[in-house]
Structures are given as C-alpha cells and as structure tokens.
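Protein sequences, first through last, are from chains H and P.
Reading the first sequence from the start, the letters are residues 160 to 412 in my numbering.
Reading the second sequence from the start, the letters are residues 685 to 980 in my numbering.
Keep in mind that the hints were calculated from the coordinates and are not lab data.
There could be a bad hint or two in this list.
Some chain P residues flagged as far from chain H (calculated, every beta-carbon gap over 10 Å) [said to hold, decoys possible]:
1) 686
2) 696
3) 725
4) 789
5) 792
6) 799
7) 820
8) 821
9) 861
10) 873
11) 935
12) 942
13) 944
14) 957
Label pairs and their in silico Cβ distance ranges [claimed, not checked]:
15) 278/H / 826/P: 54 to 62 Å
16) 800/P / 230/H: 56 to 64 Å
17) 692/P / 349/H: 54 to 62 Å
18) 821/P / 175/H: 49 to 57 Å
19) 278/H / 960/P: 41 to 49 Å
20) 308/H / 967/P: 37 to 45 Å
21) 366/H / 970/P: 47 to 55 Å
Cβ atoms here follow ideal geometry from the backbone N, Cα and C, with glycine treated the same way.
Residue-level listing of the chains:
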Amino acid sequence: MADKIRMKLENVNFFYADTQALYEINLDIYQNKVTAIIGPSGCGKSTLIKLLNRMNELIPNARCEGNIYLDGHDIYDPKVDVVDVRRRIGMVFQKPNPFPKSIFDNVAYGLYINGVKDRHYINYKVEKSLKDATLWKEVSDRLHSSALQLSGGQQQRLCIARTLAVEPEVVLMDEPASALDPTSTAKIEELIQELKEKYTIVIVTHNMQQAARISDYTLFLMLGKMIEYDVTNKIFTNPSKKITEDYITGRFG
Amino acid sequence: MKKAQLKENLYRWFFGLFAFSSLIFLVGITIILFKEGLPLFKEINFFNTIAGRYWYPTYEPPEFGMLPLILASFWVTVGALFVCVPLGVGSALYIHELAGDRQKAILKPLVEILASIPSIVYGFFGMVIVAPLLQDWLNLPVGQTAFTGSLMLGIMATPTVCSIAEDALGFVPKGFREASFAVGANRWQTLTRVVIPAAGSGISTAIILGMSRAVGETMTVLMVTGGAAVIPKSFFQPVRPMTSTIAAEMGETVIGSTHYHALFAIGLILFFITLVFNIVAEFISRRFRIKLGLGR
Ligand SMILES: Nc1ncnc2c1ncn2[C@@H]1O[C@H](COP(=O)(O)OP(=O)(O)OP(=O)(O)O)[C@@H](O)[C@H]1O
Ligand SMILES: [Mg+2]
Numbered sequence: 160m161a162d163k164i165r166m167k168l169e170n171v172n173f174f175y176a177d178t179q180a181l182y183e184i185n186l187d188i189y190q191n192k193v194t195a196i197i198g199p200s201g202c203g204k205s206t207l208i209k210l211l212n213r214m215n216e217l218i219p220n221a222r223c224e225g226n227i228y229l230d231g232h233d234i235y236d237p238k239v240d241v242v243d244v245r246r247r248i249g250m251v252f253q254k255p256n257p258f259p260k261s262i263f264d265n266v267a268y269g270l271y272i273n274g275v276k277d278r279h280y281i282n283y284k285v286e287k288s289l290k291d292a293t294l295w296k297e298v299s300d301r302l303h304s305s306a307l308q309l310s311g312g313q314q315q316r317l318c319i320a321r322t323l324a325v326e327p328e329v330v331l332m333d334e335p336a337s338a339l340d341p342t343s344t345a346k347i348e349e350l351i352q353e354l355k356e357k358y359t360i361v362i363v364t365h366n367m368q369q370a371a372r373i374s375d376y377t378l379f380l381m382l383g384k385m386i387e388y389d390v391t392n393k394i395f396t397n398p399s400k401k402i403t404e405d406y407i408t409g410r411f412g
Numbered sequence: 685m686k687k688a689q690l691k692e693n694l695y696r697w698f699f700g701l702f703a704f705s706s707l708i709f710l711v712g713i714t715i716i717l718f719k720e721g722l723p724l725f726k727e728i729n730f731f732n733t734i735a736g737r738y739w740y741p742t743y744e745p746p747e748f749g750m751l752p753l754i755l756a757s758f759w760v761t762v763g764a765l766f767v768c769v770p771l772g773v774g775s776a777l778y779i780h781e782l783a784g785d786r787q788k789a790i791l792k793p794l795v796e797i798l799a800s801i802p803s804i805v806y807g808f809f810g811m812v813i814v815a816p817l818l819q820d821w822l823n824l825p826v827g828q829t830a831f832t833g834s835l836m837l838g839i840m841a842t843p844t845v846c847s848i849a850e851d852a853l854g855f856v857p858k859g860f861r862e863a864s865f866a867v868g869a870n871r872w873q874t875l876t877r878v879v880i881p882a883a884g885s886g887i888s889t890a891i892i893l894g895m896s897r898a899v900g901e902t903m904t905v906l907m908v909t910g911g912a913a914v915i916p917k918s919f920f921q922p923v924r925p926m927t928s929t930i931a932a933e934m935g936e937t938v939i940g941s942t943h944y945h946a947l948f949a950i951g952l953i954l955f956f957i958t959l960v961f962n963i964v965a966e967f968i969s970r971r972f973r974i975k976l977g978l979g980r
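Just chain H, with the same shape it has in the complex (with noise of 0.2 Å):
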C-alpha cells in the first residue's frame, strides 16, 4: 500500500440521538483511487460517507466522537471553515437532485454562492464540468433549459458536473446509480473510472458487482462496525474474514 493517504478517520463513533449508528472506524482513504463502502442495508454506510464532508451537522442531535483529517488537518476543528470543507470535499447523492432551474445554473450554482462574479469564467468552468461528468454533448445546445427535463441518468450526470465546478478534491457518492437503468449506470461506473485521475473517490454501493468492477478499496461494514478493509482484490478474490466471504457471495443481505 505505497498509495498516498488524502483522508484518515480514526476511532470515529457516531451517534443519531442516543443510538450509536457507527463504531470504532478507521479507516484511510487513498488519492486518486475509488473506495467503496459495502455492507446490508443499515449498517451505516450513508451515514459513514455524510461524516466526511460534514453533512450529519443538519441532523438534529446527532453527535460525532473520534477524528477525520483531510491531508492531516481534522475537519472538524472549531477553526475549520464547514464551508471550506464542503467545496473541497463534494457529494452527490443517491437520487439525483438538480435545482429547478436551467442546466447552466444547476452547474454554475456552486460557483455563483462562493461569489464568482467573472462571467467567462462560469461560462468556461460550466462547460468544463459538464464535459468532465459526460453530459456536455447531450445538452450543450439546451442549457438554459429546465434540468428537470433531463432523464434520471442525465440528471444525475448533471449533479455531478454540478460538484465538480467547485473543484473538490474528494468526490462523495452515496449510491449514485441505484436509480438509474443500467445503461446510465454504465455511463456512470465510466464516469468514475475518469474521474479517479484527478479526484479521490468514495462511493457507496449496494451493488457488489459494481463495486469489485470499480473499486481500488473495499470497506465492509456491518451493523456500523468495520469488518473487514482491504484493496478491493482480495476482498472479493480471497477475503480474510468468513463474513465477509458470505455476504459477497450473497448468502445473507
């Protein structure tokens, strides 16, 4: 494991009001490789990813114990601007939600709140990121056109072009293709391998398939504790815990 570590988690334990959702995680995350969070539903794996760019804070009564470091600086310092470490550290969630507004801004929205005014730049940055997320050539000739048009799979390539015009470092999905047709979801398991190049990925999947396909690393929770972490080979080829070995192979969950 020579491959740089963008984020740390260390004995991070998480609780909604008085029930404990996570336990004990440590966890790294590797630069400009795809980790993937697998586990049955309710282990909490959503609420695993929303810790790492701060979205649990909307949560009334929720609470967060531990550490989470980004390049070695916890994001959770008071210090810490919660806006700072959402635009470096993007999300995309699991039904595509554009704005009710026209493409160009869906895109431009993120770029507009953190006070660009520069209009060729937005208008590059727009373009840039819908190239970027794969969707430039199906709707460049409709951009001020209502994103709620667009089908669920271009929907969801827009929400990403969207968190990519703010140029995060980290990109968070939470099951970003499980309400999408296969084809989209190939378009965007594609995507993801393209994005790697530049950006360091989590994804949360249901799907084992898709994460062996696309993944460096494997995380396998299970009732909000780690089971097993590992590259993504050998935990689907030869994985150190039974379990783990169960669940892939569909015996449970």
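Place chain P with the ligands on chain H using the hints.
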C-alpha cells in the same frame, strides 16, 4: 355475504350524500346570487353600475354606482397585503427554516389560534383600540379609515398566508437543501437561492388565498373602516368596502326592490372576484407540484 354488500352500499350512499352536499350548496348559492343580482342590470346598465361614482341607494332618485365600494375593497385589500405578506411569509420562513423544535411547538399552535379568533373580535379590537390610537397619532378627524381596515385585515389574513406558505416550504424536497449545502452554501444562501424560489409559486398561492380572505371579510371592515361610500382619495379616510355595504344595508332594504337587487349584484361581483382568486391559486399550486416533480 349479500347483506354485507348491501350494508356497504348503504354506507357509500350515506357518505356520498355528505360529500356531494357541498356541491349542492355551491350550485344553490350561485343560482340565488344570479337570480337576485341580475335583475339590477335590467334596470340599470351594467357599465353604469360598475363605473358609477355615486352610491346613494336611499336618495330620490337613488343611485347605484359601485365604483366607490369596489375601490374601497381594492384599497383595503392591497393595504392588507402590505401587512400580511411580510408578516405571513416572514413567520412561515422563520417557523420552517430557523425555529428549533421547541419554538415550533409554541409558534405553530399560536398561528392556528390567531386564525380561529372570530372576526368580530378583530373588529372590536380595531374599533376600540386601534382606531382611536391611529386617530391620535396621525391626527386624523376619524380613526376608522381604509388604513385601519388594511391593518386589521392584514393581521387577520396573516395566519392563512403563514400556514399555506409553510406547507409550500415543506413541499420543497430535502434533496434541494442537501445539494445546496453540499457545494458549500450556507443556510441563508440555501434559503434565498434554492428554497424560496422552489417554493415561490406555493408562496404566491398563499398570498392569493390571503387576499381572497381579505376581500371577503365583512365584520371587521364594517366595524373599522368608517363606512363612507365615497371614492377614496387617501388611505386615511373612511371608506365602505363591498362586503360591509351588503352587511350594513341588507337589513334596511325592501325585499325585491332595486336596492335589494343591487346588494345581491355586489355579492355576485364579490363571488366572481374570490372565485378568480381561488382558481388562480389552484392553477399556480398545481403547476408548482409539477415543477417540483410531485405531480408525477
Ligand atoms: N436521521 C436519522 N435519525 C436516526 N437514526 C437514523 C437516521 N438516519 C439513519 N439512522 C439509522 O442509522 C442506521 C444506519 O443508517 P444508514 O442510512 O447509514 O444505513 P445505510 O447503510 O446507508 O442503509 P441503506 O443501504 O439502506 O441506505 C440505521 O439503523 C438507521 O435506522
Ligand atoms: Mg444509505
């Protein structure tokens, strides 16, 4: 088996009757309004009535110009908007976006209580407390003015606007907020750039329904607007909106007289105004649901 089915059918009919009774009432009211209101236009030309500048129903000869009444309703309603829109939308935003659970638990029932206070109480309050205060502060000859009416109506319409606007905010999908926060927006930016635009037409619906409430309100305006049937030149003079005209004069008129028909004609106009408001509101809110993808 058969008996059970019969019973079921009976229930269906029974409750169906209740459900359709509102339709029967609506049709009945419409028919009466037309039947009693239209004869006026046989005696006086429609345009002369609507645009007539003088309302002297008891003079000899009487005049039935409704312009002062229509303008009075218009002024008072527009004035009320200036009160109920900021108050209603503002409190909806606060309750929905900023208040914690504990504040919500106090504020929401409070708004409902405000909505359930009978209009006579608002009227009384306006007449006994607000009007004399305004007269004093603004140095007016009388305290019962269009402004006083606007103020009271605005306060009365606030709960309507607030609760419908709050529903509209509730319809904004959680995903919009999450997406906004996830690219680094703060609460204020999320509210002004995503949530309010997304809830925009729902909020407009709230405003229109609040207006509709203000136009149709009777008791309060009767008590606080002073009742002078002249074309208003300023907000600080007494006026006589359509509703209070009907309420004040219906008791003194001879059934079947021209005056009687004129009052029904006012009712008919009011009916159309509120109908249009409600249709527009319905139309906007339907489009709103489609826009947010809830209709599909
Ligand atoms: N807002 C919340 N408040 C309280 N408990 C929650 C909340 N969100 C999730 N939980 C609980 O935390 C646990 C982990 O939920 P989480 O959504 O992280 O699971 P998941 O692995 O993403 O599941 P899925 O695969 O179904 O998406 C579950 O038991 C869930 O009921
Ligand atoms: Mg989940």
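Going down the list of hints, with the structure as the test:
Here residue 686/P stays apart from chain H, with its beta-carbon at least about 47 Å from theirs, past the 10 Å limit. Every CB of chain H is more than 10 Å from the CB of residue 696/P (nearest about 39 Å), matching its label as outside the interface. The Cβ of residue 725/P lies farther than 10 Å from every Cβ of chain H, with a closest approach of about 46 Å, so its non-interface assignment holds. Interface exclusion of residue 789/P from chain H stands, the closest Cβ pair being 14 Å apart, more than 10 Å.
Its beta-carbon lying about 17 Å from the closest one in chain H, residue 792/P satisfies the requirement of being farther than 10 Å from that chain. Distance check on residue 799/P: its Cβ is at least 28 Å (rounded) from any Cβ of chain H, clearing the 10 Å threshold; non-interface status holds. Distance check for residue 820/P against chain H: the nearest CB is about 47 Å away, which clears 10 Å, and the non-interface claim stands. Once the 10 Å rule is applied to beta carbons, residue 821/P is consistent with being away from chain H; the minimum gap is 44 Å.
Against the 10 Å criterion, residue 861/P falls within the reach of chain H, whose nearest CB is about 8 Å from its own CB. Taking the minimum C-beta to C-beta distance to chain H, about 5 Å, the non-interface status of residue 873/P is violated against the 10 Å cut. With a least beta-carbon separation of about 52 Å from chain H, residue 935/P lies farther than 10 Å from that chain, consistent with its non-interface assignment. The claim that residue 942/P lies off the interface holds: its Cβ sits roughly 53 Å from the closest Cβ of chain H, which is beyond the 10 Å cut-off.
Against the 10 Å criterion, residue 944/P stays outside the reach of chain H, whose nearest CB is about 51 Å from its own CB. Once the 10 Å rule is applied to beta carbons, residue 957/P is consistent with being away from chain H; the minimum gap is 31 Å. Between residue 278/H and residue 826/P the beta carbons are some 57 Å apart, a value that agrees with the proposed interval 54 to 62 Å. Distance hint check: the CB atoms of residue 800/P and residue 230/H are about 58 Å apart, consistent with the given range 56 to 64 Å.
Taking the beta carbon of each, residue 692/P and residue 349/H are about 57 Å apart, inside 54 to 62 Å as hinted. Separated by about 54 Å at the C-beta atoms, residue 821/P and residue 175/H satisfy the suggested range of 49 to 57 Å. Distance hint for residue 278/H and residue 960/P: a CB-CB separation of about 42 Å, consistent with the stated range 41 to 49 Å. Taking the beta carbon of each, residue 308/H and residue 967/P are about 21 Å apart, not inside 37 to 45 Å as hinted.
A hinted range of 47 to 55 Å for the beta carbons of residue 366/H and residue 970/P is inconsistent with their spacing of about 38 Å.
Hints 9, 10, 20 and 21 from the list above are not met by this structure, while the remaining hints are.
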